[in-house]
Amino acid sequence: MFAAQLTQQLIDFIRSLREQGILDDRFDQIKELEDENPGLVVEVLTVAIRSADFTIDELEKKLSGTVIYYSKVRELTHKLKGISAR
852 MFAAQLTQQL IDFIRSLREQ GILDDRFDQI KELEDENPGL VVEVLTVAIR SADFTIDELE
912 KKLSGTVIYY SKVRELTHKL KGISAR
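When the letters of the sequence shown are read in order and numbered with the working numbering, they come out as residues 852 to 937.
Among the hints, erroneous ones may be present.
Unchecked claim - Within a straight-line C-alpha distance of at most 20 angstroms, the following computed SDA-like cross-link-like pairs (lysine to any residue) qualify:
1) LYS913 - GLU926
2) LYS923 - VAL895
3) LYS932 - VAL898
4) LYS913 - VAL895
5) LYS932 - VAL895
Because the hints were derived from the structure by calculation, they are not lab data.
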């Protein structure tokens, strides 16, 4: 009973993320691969979140300096965009 409730909550949560545009077809592709590699979704999301977190920290440092090097800011924002597109 409890497992069924958790499963339904997960389905509803994933549906909500799709409706918000947070998840797309790439999530489905990774999810299909998870049959062969359990934990793949968690691993991919963990790496992406850590990478995004590090990039945001670097971006904050570059933007809070006395002199702003826009080429580096552009590079970091491009990297962040790439992370979110994976």
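*Checking against the hints above, which ones are violated?*
2, 4
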